[in-house]
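Participant: Top line first, the protein sequences correspond to chains A and B. For the first sequence, our numbering assigns the number 1 to the initial residue and increments by one for each residue that follows. For the second sequence, our numbering assigns the number 1 to the initial residue and increments by one for each residue that follows.
No wet-lab data here; the hints were simulated from the structure. This list has only true hints and no planted wrong ones.
Label pairs and their in silico Cβ distance ranges:
1. Thr-403(A) with Lys-241(B): 43 to 53 Å
2. Asp-98(B) with Lys-358(A): 41 to 51 Å
3. Arg-256(B) with Val-335(A): 13 to 23 Å
4. Pro-280(B) with Val-161(A): 47 to 57 Å
All residues carry an ideal CB built from backbone N, CA and C; glycine is no exception.
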Amino acid sequence: MNTRTISWTLIGRFTPLFKIFIFSTTLLTSSQIFAKEDVNTELVELKKQLKQLKEQQLQLEEKLEDIENTQSKAQAFPVVQSTVASNNDLLKIGLSGLFSSGYSSVNDEALESLQAGGHDPNRNGFNVQNVELSVISTVDPYFDAQANIIFLIDQEGETVVELEEAFFTSRALSAGLQVKGGQYYTEFGRFNPQHPHQWSFVDQPIVISRLFGGDGLRSQGARVAWLMPTDWYSEIYFGAQNANGETVTSFLFEEGEDIAGHILGEKRARSFNDALLSFRWLNSFDFSDNSSLNFGISGLSGPNSSGTNNDTSIYGVDAYFKWQPDYVQRGYPFVSWHTEWLTRRYEAGENIEREILKDTGFFSQVLWGFQTGWELGLRFEKSDSNGDDIFDPFRNDRERISTNLTWRLSEYSKLRLQYNRDWADHLEENTADSLILQMEFSLGSHMAHKF
Amino acid sequence: MRLIVKVVLFIGIVCSSSVSATVKIVTTTQDLASIARSVGGEYVEVKSLTLGTRDPHFAEAKPSMIRKVYRADLLLLIGADMEIGWLPALLRSARNRDVQAGANGYLDLSTSVNLLGKSEQSVDRSMGDVHAKGNPHYWLDPNNGIKISRLIAERLITLDPEHQQEYQQQQKIFENKLALKILDWQKELLPLSDQPVVAYHKSLIYLANAFNFKIVAEVEPKPGIAPSAKHLNKLVSLIEKQKIKILMTEPYYERRSSKYLNEKTNIQIAVLPQSVGAMPEMLNYIDLFDGIVASLKQAGDF
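Work the whole structure out from these sequences, hints included.
Facilitator: This is the structure in structure tokens:
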């Protein structure tokens, strides 16, 4: 089972990089800069001279304070923590709604294969892309927990409810360790764990839909993350999740589904070896106060159900760069760049029909926040596979260019207009043009500003 | 496998070499960092998570911050929802029990002052960015700087009782120096007493309180909402009617609306550094108010 050792080979493969990182640690440790204020000498003198003035000042001030503080005097100088948790802090509840209206040069049937994401606008007309209820809080001194429940309306007009995520994370482990468990998005790359309202475009990248399915890769399991004691941010994640279910499309998935003509059989995990194993190594570097770069590599390995002993492995590389000038109003202006490259090796079929499917894809997107509240986005994507079944919309060559304009009216609402140009051989005219207007609102607790 | 072991050992050595006896303080803003340095002196190491040139409300939880909070012994924050967008997420990733809310290493400085602008009636977001817990820009009243320094000293003594005397002494020195400067600043800003002014954002009420001027209107129609042409024109007539001479804005706010008002009414724009580090020469909390006073005197021509 070579693929089981993927994590170790990944580290092995990146050995030179690893060494460079370790070397730079030593450099960084020796350059700690802490400003210090040199006040002692001059002030001992000042103190004498100013004693009288000071006494007057203090008398007046104390009087003032007495009046001001009559209600809160008791907790004016608390020795132990004194913040009173309001109801808000005990349970943070938020509801976000994501709606869109889109028109495309192709019909709904073709759109379904072009916009394969479960939360993508994929109908000519109005779409309810995602209504998400999230609850988050601290459980006790040992755990934090959160749950995200999703409501959406599919192409047939049916309401769908999903338990998108429900997980706990540890608070109290030492040595930089953190455990997470429950139902959660696999921490693979930067895009996969993001929720639709955090996306910079109205739809998900093609390669994500192909390798992780319409809803992204999420399942039940647990992972350990280790914040490494380096001077730059470096974190390693190891996880194991169930490999079956409708959101684990590249692995055991569901009986009866087909991949490149191979019908998936029933296969359940019999041992821990049949779990989906995941690995991620994320690093972050601040080049200056104005620019930072995240760089990650990720790997997945697990069984698939296209045959008795078939495995799938997926690797990915992701980078995110963001620049902001010194003076920033409400987070603007900024320039950010996000790129991911993913590749999948899928052992499909049995005996005479056995073949290795290879699927690769990448997307690269630039976002320019040119004025407070306004963002301009440009994304390029390309995905292809081995074999030349040009009529399989999930494995043929595809390219897409998207551009959009986002207006955030406040921290709690946004409007976004996006244009997509698709190239795909399975379409009648080989191309498609789509225009989508999206609106988002968010209610309740304040959304996190994530880097 | 052997490589991994080597790497782990190496990292261990690197880290153990950087252990020191000082109290490691992480602050959410440069202002708190400056006061903490004055109080803690050589017994503390202080790092601020945000730059003085940026609005701390809109910071992002960057991975590099996770490292800083992970290593901290004491976290100082402004509180009153100032850091609501990023600090809770940061604390969830930081894995540091010592600085979680409720621990001795977590100090919300809004508990040291009387917050202004608490909402008496119920608020909703149609009113813009209203902070129901009170206006969080309280460090802009230098009298609050004294209260902040006292609370920091108190907490440092709890965490590091060995240096109790030094902390008390350094706090006193800082307090005396600041108290004297406050008298100076008040004298210098006397011409501003009872004068009406316009502010860009609802962030200067503590400054107005300390130096006794009156903010009669904001350039933003509601906190955090961009001004419309209609609102600006209303301001033009208000400025003319009340003969308002000064418009105060922070360096990071857009200047177009302020310039428009300046062209229409000849109101003078005072760009106020709102935080230590907002301008390169503002190195500490006292420089900050020197800068504010200088900017106001220049704009008011007194």
